[in-house]
Structure formats: structure tokens, C-alpha cells
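Heads up: the sequence lines are chains A and B, in that order. Mapping the first sequence onto the numbering used here, position 116 (from 1) lands on 306, and the numbers just tick up by one. Mapping the second sequence onto the numbering used here, position 307 (from 1) lands on 289, and the numbers just tick up by one.
Honestly, the hints are just simulated from the structure, not real lab data. Nothing here was measured: the structure is a model prediction, and the numbers come from that model. Don't take every hint at face value.
Think about it this way: if two alpha-carbon atoms lie no more than 27 Å apart in a straight line, the pair counts; the simulated BS3-like pairs of lysine-lysine are [to be verified]:
hint	chain 1	residue 1	chain 2	residue 2
1	B	Lys303	A	Lys202
2	B	Lys15	A	Lys330
3	A	Lys202	B	Lys148
4	A	Lys237	B	Lys152
5	B	Lys54	A	Lys202
6	B	Lys148	A	Lys931
7	A	Lys931	B	Lys116
8	A	Lys595	B	Lys303
9	B	Lys38	A	Lys931
10	B	Lys82	A	Lys673
11	B	Lys301	A	Lys517
12	A	Lys517	B	Lys148
13	B	Lys210	A	Lys931
14	B	Lys292	A	Lys595
15	A	Lys237	B	Lys298
16	A	Lys593	B	Lys292
17	A	Lys517	B	Lys292
18	A	Lys237	B	Lys210
19	A	Lys373	A	Lys360
20	B	Lys298	A	Lys931
21	A	Lys595	B	Lys148
22	B	Lys301	A	Lys595
23	A	Lys237	B	Lys15
24	A	Lys517	B	Lys298
25	B	Lys54	B	Lys185
26	B	Lys116	A	Lys673
27	A	Lys931	B	Lys34
28	B	Lys298	A	Lys202
29	B	Lys34	A	Lys673
30	A	Lys237	B	Lys292
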Amino acid sequence: MADQKIGAYICKGCGLEDRLDMQQIEMTATRDGKAAVAHQHDMLCSKEGVEMIRNSIESDEITHTVIIACSRRAKVEAFNFDDVAVARANLREGVIWLRPDSDENRETTQEMADDYVRMACAEAKAMHQPSPSGEQDLNKHLLVVGGGVSGMTVALEAAAAGYPVSIVEKSGALGGHVAGLYKRTPQHAAPAGMTNGRNVDLPGAEDTGIEEMIKRVEENADITVHLNSTIAKTSGAPGRFSVDIATESGSTTTENFGAIVQASGFKPYDANQLPEFGYDKSADVVTNMELEALAKAANGGPIKRPSDGKEVTSVAFVQCAGQRSDKEGHLPYCSGFCCTTSIKQALYFKEQNPDCDTTVLYSDLRTPGAAGEDFYRRGQQNEVIFTKGDVSEVATNGDLTVKFKDIILDEDTELVADLVVLATGQVPNSGPDPYAVPLSADDEEAAGDDGTAPEPEENTVTVSVESILNLDYRQGTDLPHLKHGFTDSHFICFPYETRRTGIYAAGPVRRPMDIKQAVDDATGAAMKAIQEVHNAAAGRAAHPRSGDLSFPSFRKEGCTQCKRCTVECPFGAIDEDEEGYPQYNESRCRRCGTCMGACPVRVISFENYSVETVNQQIKNCDIPDEFDEKPRILALACENDAYPALDQAAMSGEELTPWARVIPVRCLGSVNLSWVTDAMNSGYDGVVLMGCQKGDDYQCHFVRGSAMAAERMSKVGDTLSTLNLEPERVVIHEVAITDIKRAPQLINDMAKVVEEIGMSPFKF
Amino acid sequence: MTEVVATNETILVVGGGISGMTAALEAAEAGKKVVLVEKRPYLGGRVTQLYKYFPKLCFPTCGLEINQRRAKMNPNLTILTMAEVTNLAGEAGAYTATVKLSPRYVNDNCTACGDCGNAVETEFDDEYNYGMTKRKGAYLPHVMAYPARYVLDPAIIGTDDADKAKAACKYDAIDLDMQEEEVSFSCGAVIWATGWQPYDAAKIQPYGYDRFANVISSVEFERMADPKGPTGGKLLRPSDGKEARNVAFIQCAGSRDRNHLLHCSRICCMASLKQTTYVTDTWGDDADVSIYYIDIRAIDRFEDFYRNVKSNENVKFIKSKVASITENKENSNPVLNGVDTEGYNRYANEHDLVVLAVGMQPSVDQDSFPVDIVVNREGFIEQSDSNGGVFAAGSASDALDVNRAVQHATGAALRAIQVVNRVAGAEG
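Looking at chain B on its own, in the form it has when it is part of the complex (with noise of 0.2 Å):
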């Protein structure tokens, strides 16, 4: 059985992406017991699957290496993996917490020497990859993965790979008998870090996702840029393998839009002008981009890196939203159809790829929320006084970028602070 040694002085964190994982350390390096749970078997959210972040262009698992080794020194966080908070009870100083455990058939035994890896047959949609690769039944989420232990899917369970997977593993680590738990704490504050989904590209119908092999997410051709995705880095469209050279970005892809999500989901400019610079890094004078937007919103110092990428001559900026794509049959090129707004003329322009800038869509479960809190018309959770000592953090309260998300969990970190000290003042 799992133990969670907590009181009403300990910080539950609920979310382990990059705005839980900071919440977390840095409430814990501030000498606060800290429990951070999170539903994936790894911590780092939606953060390990991005490629760069912008404006530097930088790694997001250089930042995830140093915020996995705070982790793992620090003796004030305790970290359950694939776990979800299913109850919350009490006000604030004095909540008791229910959280299920989904069982990872492995122990902490796991040397992660990928034995059990190896000796499985079973391929199954990989998630990292958001289905664009297979992985096996028994797998190491992806090569940065912490807390560092393989995982087995559930579906192999009573298979032959199960007994495999055991047979090959040396160290006793893989225990087919794990049951789902569930454990109750205590705790003086939560900070809800619950993170977003990319918004679904299928309900856009017009534009075809479902029915076009190369229309693609952003989230998706995130993987396909970074070495470790499904194209091994290469910038390879998926219905026949071509290069895709010519790429068409159309922003506010179910954001801004009564149809759809309302709010502006502040990333997707960015993240376009970034993946922009990788078509035009891979490709160079043979690249050619267009971004369909309604408005560039490159914030403060971001306008910087939307000057840069505007000046390079094979990046159009068209201002259309686009009406609809079809496809040419022959080619499979997605087909863009629509006015440019500048000067108001049709258009219907032809792509190798096209990348919709999907939005944001936050992951806070209205319906089910364990206590009363208030939550916006979008569903991002409101800062609000009747929310007693509950407080998001990151995109679980507005649509974040990675740097705003971090700051706001900062910040989230001291309002649960505020808490736990009231309760440790009144017990003296």
C-alpha cells in the first residue's frame, strides 16, 4: 500500500507539468511539505513533448532536467505518479484529500535497464507522440521520463507479454498483482495545476483534420520537428513521406471563435512564428510558409522574434481567416480557400502541409470539481476569495505560455503558503 505521510501544513500540488512541478519546488525549496500528484506515469506535462521553446529557441528538457534534479533531491516533495484527485473535502487549512492510484505493474526496483521493454511484442499507439508512433506494452515514457521506471499498459495485463515482461525482468520489479489504490490526506492548501489540451482539431470541420492526411496539429508537428518524434526530426508530411517544403499555418484554429473556444489562447501566434523557423532552418531558400492569422500577437518583447521571422523572404503573413480546405486529389494537397482580407481578394492556395495553431482548451473538469470554486464561462478557473485555499496555477487559470505559467505558479506556491502558515500559527 502506498503511504502519504501529510498534514494540514502540507501543500497538495495537483498537476505535474512545468506550472505544478514549479508550484511544487518552489514551495518545497521554501521548507514546505509538498505532495504533487500527477496522472501521466512522468512528470513534465505537455512540456516534454515540445521540440523548442520560443522566443530562444531553447530545449524545454534542459529546463525539465534541472526542474527533475530539484525533484529528486528534495526531501519535502512527495511525488505520486498516475494518480488523480478524485475527492476533495473540508475548507481552507484543513482539507482531506482522495487520490486513486492507477496501478504501473512496476515497482521502484525499475533500474530502467529496459529488459521488460525488449521482451514484449504488443505495439500500442504511443501517446508521447500523440498516436503518430507505436510503442510497446512495457515502455519507458519517453528517454527523459522521471521518476525513471518503465510502465506497463494495462492492456497486456492476463497477456503473454505480462508473464514476459516479468520473466525478463531481473530485479523483481514488475508486479502483475498491482491493484488500483486509493489513499486519503491531509492537507492545508491545493494548488490546481491541471494544465490544457490541445483543442480538437476535428470540430473544425470546414478545415478537415479528420478527413485530410495532411492537415496536421500543432501539437502534432511539434513532435514530428524534435529528432526524438515520430520523423526522427525530419519534416516529412504524412500521406506519402514527401518533404514538406511548402507549409501553411492557420492561426486561431478553434480559438477566438464563437463555434469553438471564445478566448484568445495566447500561445498559438508564437508557437507558429517557431515552427515557422524550423520549416525555414530545415528547408532554407526552398522553404515556403504562409501563416493565415487574424491578428499577430507577439507580446511585449516576443515582437522581437516576429520582426525576425517576417523578414525572411519565404514567410507570407496572409490576414484571412481561413473559410475552408479541400483537397487535390492527386497530390493530396490540402487546398486553402478564402479571402485576403488585405485587399479583399479570393484566394485558394495549395500546401504541402498545413499546420492548424490549435487552441487551448483547459483541463479543469468543471462538473466534477471536488469543492465549489469559480470557473469562467472558457472554464479557466477564476482567482477568486470564495475559492478558500484552492488556487490554480498556470493554464488552469487563463491560456499561459510556458515563462507567464511558471511565473503564475510562483506566485500560486505563496497563496498556498499563505495557508499552511496560518494553520502552523494557529497550531503553534
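Pulled out of the complex, with its shape left as it was, chain A reads as follows (with noise of 0.2 Å):
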């Protein structure tokens, strides 16, 4: 630390000179920041103003810079030193454009903004280049779990662009449930050109083509394929996965990945669960996957039902059979490629004979986009007749009749037919929700006490208690459930991101879908795939702190081994060594810091990051004494939405109060509770917190993060009672970016509480 050399850069442009003394400023940098050097500059994102950086930090043997301008969000391309740490005193944005420019203002304004340079010194004074932890090399091999559609898609295209995969299959062949399928629906809609009549030749059912994908992943040398063989335990990370293959026959190989896929597909909804469709009483009562053997078998030929292989004249699809329904046992969601299934197969049956009647009974038929409306258009050309239709019961006494309330003509009604096939659902093969029972810091204690995991969803679909990939992981062997078993990432934006870094999920275990759809998701999997070897290789994180090189690390001495740490990382990402101490897996880490804020005893940080980082901030804002009549609100805010917010709250001419000062925080799961005390104790007035929506649909981008914080803070208000404070004095709210008026009403309205309550007693 005995050569840190702190370099302050002024700008005066935007307005700043008008509204602030530069003068003051750059004393303040000097003085109270102790920059050894402080520049000004009439524009310093000018090419001439960052030359001026530059060469100030090469001649001036600058390790620390602190730019003293706009906002951290603005001018990042031009104010990116990679060689130094910095620091950003956000005076436009933060401070000029949030205050109004009037001579009673200029005071209050210029504290604000003196405020600002002498916190950007300090977090600067406390920060350290960050470097990658070279931890992990590059390793490009794959990891893929399941040889379906998914997983062999997912296999040929990491294959085609240089990266080797290995396929671990748990059965004894290739193709998953496709290879039982006799056609699938057409991947195409209507060529260009063909007009928009009714007697048109409409892409129709097509080979599954799943012979030829399957000899094509055999005979690329790239792809090494374990049939009959299951992953007997994973751990390490990205870039050092270290997986243990066993086969049936009870060897076990050990091999190294990059990183993993986990494509287990689904497993075909049990209709058993469905007494009042008949499925158990008839044989002519199939669902929509045991239709396809029976048009496997007849290739071509007449259908014949089941029972008595009578040739198939009449066929009734009974559509979201034992889906979208609330009854217990039954998938609350849509499975989303029944509908185009059941035109499909009856197809099949018109295809082959134009008398046979074909019924769909529907609720809603769900043919999305434009091969799918194109494909139900040739089912109503081919005289598919479709039915909106709820039905009640498939009576089995001799024929098979259908009964049903007709929605369009408001009647009950029925229909027999010689075959009844239930378009039944998806259920994703999914391994063990490691949440399902909340997590805990002490094992001994009771489940759920800390709070620290969501409760087990009610509703939960019964899914396969068997782990997948067997983490040997602290926080579980599986990839985390969301909704209804299915691993989906729950993030619109960024939909491959699971908790699990370096591990994701792609086909019908991440949502339902069909075939088209799978092979979409499973080569955005691999890309992700192949993109995180090469993070892990750089030590750069994932989404969403893409390319941050820093990573935490902890003072063993200090460590007490509470096991916080390790339970509250949203992404799984620390395990325990033999002795209790954490193990942080820089690669599985996304950066959040919400280890940070967990640790009791302060002994974790990173690099550019840390405690200390946010401590010397708070701690380097002045804070006048109480007759001054001058309060100082603490703002820590979310850098991703609360922080952009009240950078737009200034671009909109919204106001803030001159006694707020806010510090951006990676997360609000960051934030440990010594940063409110030792504010508190240091004088502050009030403290709000600002993070982002937590719950069902949360929009914490850790995940969890702002959860901890919400469940943390919950017991700050002990603290402020034994410090003799009123609870009102520290707020936590949920802000989101939209939220330009609200963000700085919410710090202004903490500025009403505080002259409510009056000033507090700690200013020294």
C-alpha cells in the first residue's frame, strides 16, 4: 500500500463550473482525499481530456484515479483504465442535475458535491486492481446429460464450432422420445409464394430425421457418447468440472469439463392419474405418445386400435388431458406441443383414410407462430374436426364414448369413437430441488429458521427424487427448481442463466417444448456453454457482472466458520473444506457479494470491493454538527436498477434532497449490516436501502440477494433500540428502474422523517 498515488480528475464541463466551485473541489481531492495530483479539465471525456489521464498517470506514477464527473453509468467507454483502479464522483448526475440552481442552493450543493469527491478518494484509497485468479485453464470440453433431441443438438453444434463433447446417456441408445415417434410436425411454414387459399399444399407431418442426427453424432470424431451410463458425482467448476461417469455395469471413469448441459428432457405424464378418461379400463384409451408406436407399427398402413386390432375409423383427442388443471395430481401448466401433436396424428389417420373421423376436443388450440397456424390450417383443409370441448368422462362400457360439454353450442353432448388418445404433458426430469428444504447455516437448527430459502412450493409437481448430475456442492447435487419442476432460469432477458454457474439446462427440463423448439434452446445452451469455458479460462464472470475480474476472497484468521457465507450464496457457488473454512470457486462466483454481506465478522471482500471499500466512504462524507441543522441521509443503492433510476431521476429534473449521499452497491445482498451501524453510529440521520423486488417474481438479478438484505435489516431494528434510535431512521424499500419520481422521494421523504424526529444524537 506504501506506493498507492491517488490521481484526481476534475471535469468542468456539463455545467459543473457553473454550478460548483472547481476551485473547492479540487482542494477537497487534495486535502481531505489526498490526491497527489488533481487535474481539471474543461471536458475530460474529450479525447484530449483522457489523453491528459493517461499521461498523468503514466508520468505521475498514478495507481488510484478518481474521476470526478458524471455518473459511473455514463462515459464508461472513455473513463476505462485497466491498469489502475477507479473510483467515480458522480457530481452531474448525483449532484448538480438533482439540485435545483439557485443561489440559496449553492452551499448545500457544494457539500454535496465535496461530499462526493472526498468519498470516490477514500473508496479509491481502499481499492486493488482486481486480477483473474487462474484458478482454471481453458478446458473446451463439453459436458452434455441426455442423448435426446436436445442433448445430441446440443452436442453437433459445440462439435461444429471446435469444441469436443461428451455425451452421458442414462439408457442403452440415442434419440430419447423422438426415436419413438413416427413423424414430427413440419419445422417450416408455407414457402414464399404460395398463396393464402384453401386448397393449398400445406407443409405437412415430416420424418423425424433422429436415424440420420443419431449417425451423425456417432461418426463425429468430436463426440464421445456413455450409453448406459449415469454421472456418478460432479464437482470442481467451470473450467475444472471434475465428473465421475458410471456405467451400468459399475466402472466409474473420471473426466474434466469446461463446462455442463444438462439436457434430461421430460418424462411423458402418467395417465394413470386420469381414472375418468377410462386410461386404465380400456386399451383403446392411449395417450398422444403411445399413438406414435401404434403409427410406427402400422407405418403407413390402417391404424388398428389396440384392443382388438380393429382398423381405426373414428379417433376423438382429448386435448390438456390432465394439464392446465388445478386437480391435484395434474400439470397447472401447458405442455405446448400437444396441440400440434394431435393435429398431427390426426392426420395420420386422414392422411391414410380421408373417412375416418377425427375429432380434436379443445379448449384453446395452441398452434403459435407461423409453422404452427400454418400446420393447423392444413389439419381444418384435410377436415380435422375441431372442437371447443370440455370434456368430462371417456365411458368404457363396449364402444368408447366421449362425453362432453360442446362450449360453442352451450350443450352437453358425447361422441363414440374406436380410439381415444389423451394429448397428455411434459413432466421435466428434473433432479432434486436442492431448496426444496430451506437451507440452514447451523444443521442442527430448524429447518427455515434463518429464512435464508424460499418455502417449498405448494402445488409442486411430483418430479424424479433421483440427482441428475450429483454436485458435490454444499448447497445441493441439482440445478435448483423454479416453477413446477422445471430449471428454467426465470429471467425473460436472460433465460439461460441458472443458479448453478456453468451448468445449464436445455430442452423440455427447462421448460416444455417441442421439437423445433428444443433444438433452438439447445444450441443457445451450447453457446453458453462454450462462452463460460472461455470466462472460467479469463477468470471473467458470467452474467450479469459479465467480464468482472475480481472475486472474494476472506482472512482466514478472522473466519469463524459460521457457514453464513456458504448458505446464503444464491448460486451455490462455496463449498466447506475439510476444516469448515469456505472455498470460494471463483468461477462458480457471479460477484454479487452477498457473502459479503452475510459475514458476521467482516472478513470477506473483493479486490475493488469490500467492507472496507463502502466503510470509507461512509466514513469520508462529512457530517455536520447537530445545531448545524444539516442531516445526512445514507442512500445504498442497487447499482442495476436504484442507482440507474436516480441517474434518470436527474436526466428527468426530478429533485433530491441536498442531505442525501448514495453509494452504488453491487447488490443489496451485499450490503452487510455494519455499514448501517457504523452510520449510524458515525452521525448519519437516516439510512435508506434500495434494492430490487424480491419474492416470486423477483427481479434481483442475484436471485436472492435482495431477500438476504430484506431478512437481515429485519433485525437492524434491535440494534437501533439498544443505540437508543428510532426504527424509522432506517428504511429498506423495493425500487425498480422505472421508478424515476419514486427513488428520490423515497430518500426525500427519509429528509421529512428525520426533521419529524429530529436530528440524531451521534454527530460528534
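Build the complex from these two chains, which are given one at a time in their own frames, with help from the hints.
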């Protein structure tokens, strides 16, 4: 630390010079901020301004720069200096744009600016330039779990980009469910040039292409297939996964991989749970998957019904069988593939025998996109009957009688059919959810006592309890579930991000889907896996802190092995070593800092973000004494949403109390309680914490960061009462990026509260 | 002159909406050089104009913020805005792209301080709000626009306003002599992510979109719900500013229709269900929503969202393709005429406001597409080996929601990487 030298670079542009005393700013930087060098520039982000900084860094041997200009979100490209630590004092969006330009406000505006300068200098001093740990090298080898269409697609697409792949398939053959299909639904819409008339040659069912696909996999020198095999153990981290692959015969081989894709697919819903449709009573009530076997056996000839081999001349399809239903044992969701599948199957009959009666009983026919709607039209052209009906029962005395309410005619009616096909859904083949039972820092403690994990979901679909990945991780053996047993990411804009870095889910284990979607999905998952092996090798974080090189480390002598960090990490990144100390696994870490926020003894830090970097900012804000009647309000704002909302407020002419001092944090989960207590102890009058929405529809980029923060802060009241302070002085809010008016308002509200309850007595 | 450094190992991404941004960032973060070309002055495309996403009801700008941060920090990415690909020649692994750059009249000295915007006077229809508000001739397209640089409307060039803008700028950022330019560069693979346009509601003649003030499109309603939008987030109908409590949504407006778009646009059912929550959240028990539909396509886990909306007593679902809309002249209420097919009952229902759930029309211009490519009847690019090194991403390939578009674009990035990796391998 001896060689630490701070350079402060001050921008006079964008009205800063008009609104602030720049000499004073410079003096604050050098005198209070201990900057060795301070330079002012008319337009710091200009080529000349940036050059000035670069020259100064070199000639003055600057190690830490403080950019005193605009928000850290602005001019990022200009102020990007790889070789030195950079802190930003936000005087534009953070001060002058949020404060009215009038004489009576000049003093408090200047004080605000001076504080931000002090804070940025203090932050810089506590920062170090992050460098990757070098924990792993480039390992381009990918592991794919599951050898169906999704898994094979991942393998083929990754291999085509030059990445070797091993497929581990539990069964004795590749191909998954698609190998059991007679045909697949069309993958294309009608070609350009076809008219929109009623009797045109719309795309029909096509060959599944599965045999050819299997052949391509088998012949690909970059793809290794392990059949009859499962994953006995997965340990390590992206770039250095060590995986035990066990064969049925009991032998185990260990291989290393850079990243993993789980494409474990689905199980067809068990139609025995649908007694009302007679599945267990008549052999002629079959599921959609079973009909494929009948069609395959018929191979273009007449499809025979199972009971007596009679050629089927009438068939009814019951859509949403056991799906879209809140009845116990049913699937609450829509499986998405069944409408087009029933159309395809109705056409098996119609195209073989146009006189065969085919009726699809549906509630909403769901054939999205161009290909989907064209295929629906083909069904209509071929006189498949679509009836909006609610099927109540399939009676199996003699002939099959389908009883239903015709929704259009508004009457109860029935039809007789040789064969009834139940359009049943997909149940994800997930491993056990690590969070089905809440984790606890102390295994002896009652489950859920620390409130760290979500409650087990109601209406959970029963899924395989057998582990698929057998992760040797502190937080369980498999990918966490979201809704209904799927391993979906829950992020609309980042669909592939699971809560286990470097392990991606693809295909119907992620959400229900058809073949075309599974292929698209698997290709994307392969992309993410490939990207992750490069990120891991370079020590870069994955989304959402893409490219971040900082990672957590801890001071071993201070660690009490309380396990808070290992339990609270939203990504299960932290393990415990044999002695019970945390092991951080840099490449599994998403760098949110939730561990840092969790640590009661403050031993966890990142190179450029630590308890100290924030604490120094808190401490270096000037606290006027009680009689100045200038309160200080600390706002800790999530940099992903609340902080951009404040920036936008500034750009939109909103006003913020001059008493506010805002510090951006990586995630509210990274907020250590000590920051709050230290702030109160050092005379701040109020603290406002601003994080993202938590709960089922969480918006926290780190999934549980904001929830963890809320949990921790629920205990802050005790601390305040021991200090004899009013509980209203600390508040936590959920703030969205769109809260342009509300974000500053929440801080202004605190100013009002302080006005009412009075200044803190802790001012010295 | 703009210079673009690129080789046959570079990936060109055409379109900087959510799909193009995703494809570009995923490839760039895997170490590939990428040139991203966007027609608008900023990245993010149509999702920047959405208020919320279904099904989480979270905010698109939240994801945009992350993507913008990724873009700002990635040295592998070159971004060209106000740019359009005018030609593409060659084959997979060796294309030459020609890009037309329209003048922004603002260079990268711009600090987005806003002085030029304050100085100019003439106002124009604001594209960002689909023309429902005005903006100045020197403007930042929206508050989160990236690149965070102002734009001068070409219409003010040569007028006093242009001089005023220039005079107001302290940073020499305004360059009134900026000319249209054309740049050519090499690339090995191309990701086509030009997205979609809302189907022109005026073409659905019986619905009177161009005749009745209180018949609006779903994209307009989205802006209306946004606090940054034309009504400050208040649901006020256009004719008289009255609170719109009784709102009708007409599904498949221009979709699944032989006279318009044949395809199902996939997003509109969920979009209307989402917009229904805007109405019910705003008015509570006073909300009165009717959704006229053919099939509610709340596919896979979106079913949960549908179930929640359906459980609200103030929301009615009417299975009917609305035949026509007329207007009650006394109160400007649109009147929907048709037959409720559940029971075959005729109706003539009056509403405060009607929202047409307009379809997605692909922005792929088949006739002027620079290379041979397989496009289907609806104008979407089909995946085909004969497309060479050109890969569609997102809703250039099919009507997709954001989640699926991102998924698709991530896959497209890999397809492009396969091509440039082959080039790299061959060049050793």
C-alpha cells in the first residue's frame, strides 16, 4: 500500500463549473482526499481529457484514479483504464442535475459535491486492481447429460464450433422420446409464393430425422457417447469440473470438463392419474406418446386399435388431458407441444383414410408462429374436426363414449370413437431441488429458522428424486427448480442463467417444448457453455457482471466458520473445506457480494469492492454537527436498478434532498449490516436501502440478494434500539429501474422523517 | 470518416434490438469480433418501448441496463447506429458488407448535457411514443438511450434551429456538415436480427383504427401505461382524456387472418393479459376489461399468468372474432359488434377504449434482401443450409416473445461462431 498514489481528475463541463466552485473541489480532493495529483479539464471525457488522464497516470505513477465528473454509468468507454483502480465521483447526475440551480442552494450543493469527492477518494484508496485467480485453464471439453434431441443438438452444434463433447445417456440408445415418434410436426411454414387460398399444399408431418441425427453424432470424431451411464459425482467449477461417469456395470471413469449442459428431458405424464378418461380401463384409450407407437407399427397403413386390432375409423383427441388444471396430480401448466401433435396424429388417420372421423376436443388451440398456424390450417383443410369442448368422461362400456360439454353449442353431448387419444403433457426430468427444504447455516437448527430459502412451493409437481448431476456442492446435488419442477432461469431477458454457474439446462427440462424449440434451445445452451469455458479460463464473471475479474477472498484468521456465506450464496458457489472454512470457487461465483453482506465478522472482500471500500465512503462524508441543522442521509442503492433510476431522475429534472449521500452497491445482498450500524454510529440521521423486488417474481439479478438483505435488515431494529435510536431511521425499499420519480422521493421522505423526529444524537 | 476494422473472422449483426444485442454480446463475450449495425440512433429496439414484460411484470429497461453495461465494457464490439446494411456480397466465411450511415449531426464529443435540446424550438412527432407526443429537433431518443448521444432531426438542418443547437453546444459535438457515408468491411458470418413491426392497424378496415380516436393499438397502449409515456402512465383515452376503465382488447387483430397476417403472432395473447393487469392494477374494482379472442395462447408456464388474470371478476373473456367497430357519436365510445360463439349470442358492446392486439410483421425485406435466402410465405427467414453464413435471430425467424427471441439469438450466435471458427481454422 506504500506505493499508493491517487490522481484526481476533475471535469468542469456539463455545467459543473457554473454550479460548483471547482477550486474548492480540487482542494477537497487533495486536502481531504489526499490526492497526490489533481487536474481540471473543461471536458474530461474528450479525447484530450482522457489523454491528459493517461499521461498523468504514466508520468505521475498514479495507481488509483478518481474521476470527478458524471455518473459511473456515463462515458464508461472513455474512463476505462485497465491498469489502475478507478473510482467515480458523480457530480453531474448525482449532484447538480438533482439540485435546483439557485443561490440559496449553492452552499448545500457544493457540500454534496465535496462529500462525493471525499467519498470517491476514500473508496479509491481502499480499492485494488482485480486480477483473475488463475484457478483454471481453458478446458474446451463439454459434458452433455442426456442423449435425446436436445442433448445431441448441443453436442453437434458445439462440435461444429470446435468444442469436443461427451454425451452421458442413461439408457442404452440415443434419440430419447423422438426415437419413438412416427413423424414430427413440420419445422417450416408454407414457402414464399404459396397463395393464401384454402386448398394449397401446406407443409405436413415430416420424417423425424432422428436416425440420421444419431448417425451424425456417432460419426463425429469430437463427440464421445457414454450409453447406459449416469453421473456419479460432479465436483469442481466451470473450467475444471471433475465428473465421475458410472456405467451400468459399475465401472467409473473420471473426466474433466469446462462446462455442462443438462438436457435430461421429460417423462410423459402418467395417464393412470386420469381415471375419468378410462385410461386404466380400456386398451383403446392411449396417450399421444403411445399413439406414435401404433402409427409407427402401422407404418403408413391403417392404424389398428390395441384391444382387438380393428382398423380405427373414428378417433377423438382429448386436449389438455391432465394439464392446465389445478386438480391434484394434474399439471398446472400447458405443455405447448400437444396441440400440434394432435393435429399431426389426426392427419395420420386422415391421410391414410379420409373417411376416418377425427375430432380434436380442445379448450384453446395453441399453434403459435407461422409454422404452427399453417399446420392448423392443414388440419382444417383435411377436415379434421376441431370442437371447443370440455371433456368430462370417457365411458368404456363396450364402445368408447366421450362425454363433453360443447362450449360453442352450450350443451352436454357425447361422441363414440374407436380410439381415444389423451393429449398428455411433459413432466420435467429434473433432479431433486436443493431448496425444497430450506438450507440452514447450522444443520442442527430447525429448517427455515434463518429464513434463507424460499418456502417449498405448493402444488409442486412430483419429479424424479434421483439426482442427475450429483453435484458435490455445499448447496445440494442438482440445479435448483423454479416453477413446477422446471429448471427455468426465470429471467425473460437472460433465459439461460441458472443458479449453478457453468451448468446450463436445455430442452424440456427447462420448460415444456416441442422438437423445433428444443433444437433452438439446445443451440443457445451450447453457446452459453462455450462462452463459459472462455470466461472461466480468463477469470471473468458470467452474467450479469460479465467480464468482472474480481472475486471474493477471506481473511482466514478472522473467520469463525459460521457458514453464513456458504449458505446464503444464491449460486451455491461456496463450499466448505475439511476444516469448515469457505472455499470460494471463483468461476462458480457471480460476484454479487451476498457472501460479503452475510459475513458477521467482515472478513470477506473483493479486490475492488469490500466492507472497507464502502465503509470508507461512509466515514469520509462530512457530518455537520447537530446545530447546523444539516442532516445526512445515507442511501445504499443497487447499481442495477435503483442507481440507474436515480440517474434517470437527474436527467428528467427530479429533485433530491441535499442531505442525501448515495453509494451504489453491487446488490443489496452485499450490504453488510455493519455499514448501517457504523453509519448510525457516526452520526447519519437516516439510512435508505434500495434494492430490487424479491419474492416469486423477483427482479434481483442475483436471485436472492435483495431477499437476503431484507431478511438481515429485519433485525436492524434491535441494533437501533440498543443505540436508543428510532426504528424509522433505517428503511428498506424495493425500487425498480422505472421508479424515476419514486426513487428520489423515497430519500426525500427520509429527510422529512428526520425533520420530524429530529437529528441523530450521534454527531461528534 | 467512419472506419470499421473487420476481417472474415468478424461477425456482422444486423439489428440492435433485444435479439441483435443478445447475439452480438454473446458472441463478443465468447471472444469474437462483432460489428453491430442498428437503424435507430440507439440500441434496444422495440423492447425499449415496452413498459413491462410478461409474465413477471418486470421492466424491460432493467435487462436493457445490463445489456448496455455489457456493451459499454466489451472491446470486441463495434456499434454502428443510424446504420443500415445496403449490400452483402460473397459467401459464408467471406462476405463484404456495405453499410449506409445516416448523419446524426452529433459526434461523440456529446455528453448528453441537453443544452442543444433546450436551445431548439421546432417540434416533431416522437417516434419513441409512436407519435403520441412531440419531441424537439435536437433530442435524446429516450432517457436510457445508448449511445447516450443526442440526435438532430434532419429536418432542422439548414434552419435556424440547427444553428441554435450548434451555438448551444459547448463541446463542439454538433457537426452540421456531417454527410451520409457508406462503409464496406469484411465479415465471415451474418446474424440477421431485424425484428418486427406492429401490423398496420388501419388496414383492418372494419375496426376503424384510423377513424375512431378511442381505438388504439397494443403498442400505443404500452406507451400509455409507461410513466415515461405520453400520459405519464395514466390510462386516459385519446378523444377526451377521460379515464379508461372499461377497456376491450381485440385479439388476433391482423393475425391468423387470410386478409392480413396468416400466422399467429404468439405474443399478443400474453401481451393483452399483461395489459389487462395495467387496467386492473390502476382501477381495482372499477376496472372492467373484456378480451375478445379466438384461442388464448398462454403457452407453457404462461398458463399461470392466464389463470391469475382469469380469476379476476372484472375481466371477461369473450370467444369471438369482433366483426366491426362503430362509434357512439355522443360519447365517442367505440361499440363492438359481433357474435359470442359460446352460445351464439349477438352483442353490441360499448367500451371506453379499445386496444387492438396487433400482430408482428417481420421486418425482413424479402425483395431487396442482399443475398439469396429462404423466406417463408409470412416473410420470416427459415433456417436452411442454403442461407450460407446468414442466420436469422429472434423475430426475423418467427413470431417470438422476448424470452424465446433471446434464446434463439443465443443459438444464432453459435451458428455464426461455427462459420468464423472454420475461417480461423483454415487461415490457421
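Each hint tested on the structure:
no.	hint	verdict
1	B:Lys303 / A:Lys202	violated (62 Å)
2	B:Lys15 / A:Lys330	holds (19 Å)
3	A:Lys202 / B:Lys148	holds (20 Å)
4	A:Lys237 / B:Lys152	holds (15 Å)
5	B:Lys54 / A:Lys202	holds (23 Å)
6	B:Lys148 / A:Lys931	violated (31 Å)
7	A:Lys931 / B:Lys116	holds (21 Å)
8	A:Lys595 / B:Lys303	holds (21 Å)
9	B:Lys38 / A:Lys931	holds (22 Å)
10	B:Lys82 / A:Lys673	violated (46 Å)
11	B:Lys301 / A:Lys517	holds (25 Å)
12	A:Lys517 / B:Lys148	violated (68 Å)
13	B:Lys210 / A:Lys931	holds (10 Å)
14	B:Lys292 / A:Lys595	holds (20 Å)
15	A:Lys237 / B:Lys298	violated (60 Å)
16	A:Lys593 / B:Lys292	holds (25 Å)
17	A:Lys517 / B:Lys292	holds (17 Å)
18	A:Lys237 / B:Lys210	violated (33 Å)
19	A:Lys373 / A:Lys360	holds (24 Å)
20	B:Lys298 / A:Lys931	violated (34 Å)
21	A:Lys595 / B:Lys148	violated (71 Å)
22	B:Lys301 / A:Lys595	holds (16 Å)
23	A:Lys237 / B:Lys15	holds (24 Å)
24	A:Lys517 / B:Lys298	holds (23 Å)
25	B:Lys54 / B:Lys185	violated (41 Å)
26	B:Lys116 / A:Lys673	violated (43 Å)
27	A:Lys931 / B:Lys34	holds (17 Å)
28	B:Lys298 / A:Lys202	violated (59 Å)
29	B:Lys34 / A:Lys673	holds (21 Å)
30	A:Lys237 / B:Lys292	violated (57 Å)
The structure shown violates the earlier hints numbered 1, 6, 10, 12, 15, 18, 20, 21, 25, 26, 28 and 30.
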